[in-house]
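Enquirer: Sequence:
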Amino acid sequence: MMLNTPMSKLVANAVMFQVGWFACVLGGTGPWLLVPVVILCVHFFWISSWAAEGKLVVTVVLAGAAIDSFLMQMGVFEFPGESKLVPLWLAVLWAMLALTLNHCLAWTARPLWLASLLGAISGPLSYFAGAALADVSLPMEPLPTFLILAAVWAITFPLLHGFAHIYRQQWLIKQMAQKN
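Take 55 as the starting number for the sequence shown in the numbering used here and just add one per residue.
No lab work stands behind these hints: they were computed from the structure. Don't take each hint at face value.
[Claimed, not checked] Mimicking SDA-like on lysine to any residue, the simulated pairs with C-alpha atoms at most 20 Å apart in a straight line are:
#1 K228 <-> F217
#2 K138 <-> S191
#3 K63 <-> W75
#4 K138 <-> A188
#5 K109 <-> M126
#6 K63 <-> L125
#7 K138 <-> A119
#8 K63 <-> C158
#9 K138 <-> L125
#10 K109 <-> L125
#11 K63 <-> G129
#12 K109 <-> V92
#13 K63 <-> W100
#14 K109 <-> L171
#15 K63 <-> T83
#16 K63 <-> A117
#17 K109 <-> V96
#18 K109 <-> L213
#19 K233 <-> V115
#20 K109 <-> T210
#21 K63 <-> L151
#22 K109 <-> H219
#23 K109 <-> S191
#24 K138 <-> L192
#25 K109 <-> Q224
#26 K138 <-> A117
#27 K63 <-> S191
#28 K63 <-> G81
#29 K63 <-> V73
[What the hints assert, rightly or not] Per label pair, the in silico range of CB-to-CB distance:
#30 L87 <-> A186: 16 to 22 Å
#31 G84 <-> I227: 39 to 45 Å
#32 E195 <-> L226: 21 to 27 Å
Virtual Cβ for every residue (Gly too), placed ideally from N, Cα, C.
Model the full structure from these sequences, guided by the hints.
Expert: Quick look at the structure:
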């Protein structure tokens with residue numbers, strides 16, 4: 055199999071997301087954050103481009119950091135220290151997620167109910183797994199925590215796919231206009 059086929063890029067995208075997820079969760083704010091930086095570079099040079107997806111990555115990081123900071127203020131999860139904002143590694147984790155929306159997770163966008171259902175299930179599971187591996191505590195009981203995260207992700211995941219769709223359409227229109 056050639057390394058430049060669409061399928062190999064989808065597989066690479068999924069693997070890079072998982073590697074980036076583990077580097078963020080297990081590495082915290084240490085030198086392991088260089089791994090997602092390398093993943094971002096590989097993604098933009100081989101799988102996509104900054105011109106095509108940079109706006110999406112920035113939007114997802116800002117939205118995700120705001121959502122997680124709000125959840126932190128609500129007491130859904132706690133991090134060591136006194137910061138009112140989520141740690142850098144969690145914001146970088148949102149960038150890793152953004153890289154998948156037009157690629158290995160594109161199939162989860164439609165129908166809308168599927169994106170919502172998958173968000174409601176996978177979002178909380180990711181938080182529970184991350185909390186078990188990182189220095190994150192979930193001070194509430196597991197069921198209320200799961201239900202809050204499920205509700206947030208049932209809305210967030212389709213919205214992120216919406217941003218991906220809008221930005222992809224804008225980029226395609228711009229590409230077509232440049233050719234004419």
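Enquirer: Given the hint that K63 pairs with V73, does the C-alpha gap stay at or below 20 Å?
Expert: holds, 15 Å
Enquirer: Holds or violated: are the alpha carbons of K63 and L151 at most 20 Å from each other?
Expert: holds, 16 Å
Enquirer: Straight-line Cα separation of K138 and L125 no greater than 20 Å?
Expert: Judged against 20 Å, a Cα distance of about 11 Å means the pair holds.
Enquirer: With a cut-off of 20 Å on the C-alpha distance, tell me whether K233 and V115 pass.
Expert: This hinted pair is violated, its Cα atoms lying about 31 Å apart.
Enquirer: Against the 20 Å threshold, does the CA-CA distance of K109 and L213 hold or violate the hint?
Expert: holds, 15 Å
Enquirer: So if I understand the rule, the pair passes when the alpha-carbon distance is 20 Å or less; does K138 with A119 pass?
Expert: holds, 11 Å
Enquirer: Taking only the CA atoms, is the gap from K109 to L171 under or equal to 20 Å?
Expert: violated, 26 Å
Enquirer: Are K138 and A117 close enough, with their CA atoms no more than 20 Å apart?
Expert: holds, 15 Å
Enquirer: For the pair supplied as a hint, K63 and A117, is the alpha-carbon distance within the 20 Å limit?
Expert: Not OK: K63 and A117 at ~26 Å, beyond 20 Å, violated.
Enquirer: Is it true that G84 and I227 lie within 39 to 45 Å of each other by Cβ?
Expert: Between G84 and I227, where Cβ atoms are some 41 Å apart, the hint holds.
Enquirer: Verify the proposed pairing of K138 with S191, using a straight-line Cα cut of 20 Å.
Expert: At roughly 15 Å apart (the allowed maximum being 20 Å), S191 and K138 satisfy the hint.
Enquirer: Is it true that the CA of K63 sits at most 20 Å from the CA of W100?
Expert: holds, 8 Å
Checked against the numbered hints above, the structure violates hints 5, 6, 10, 11, 14, 15, 16, 19, 23, 27, 28 and 32; every other hint is satisfied.
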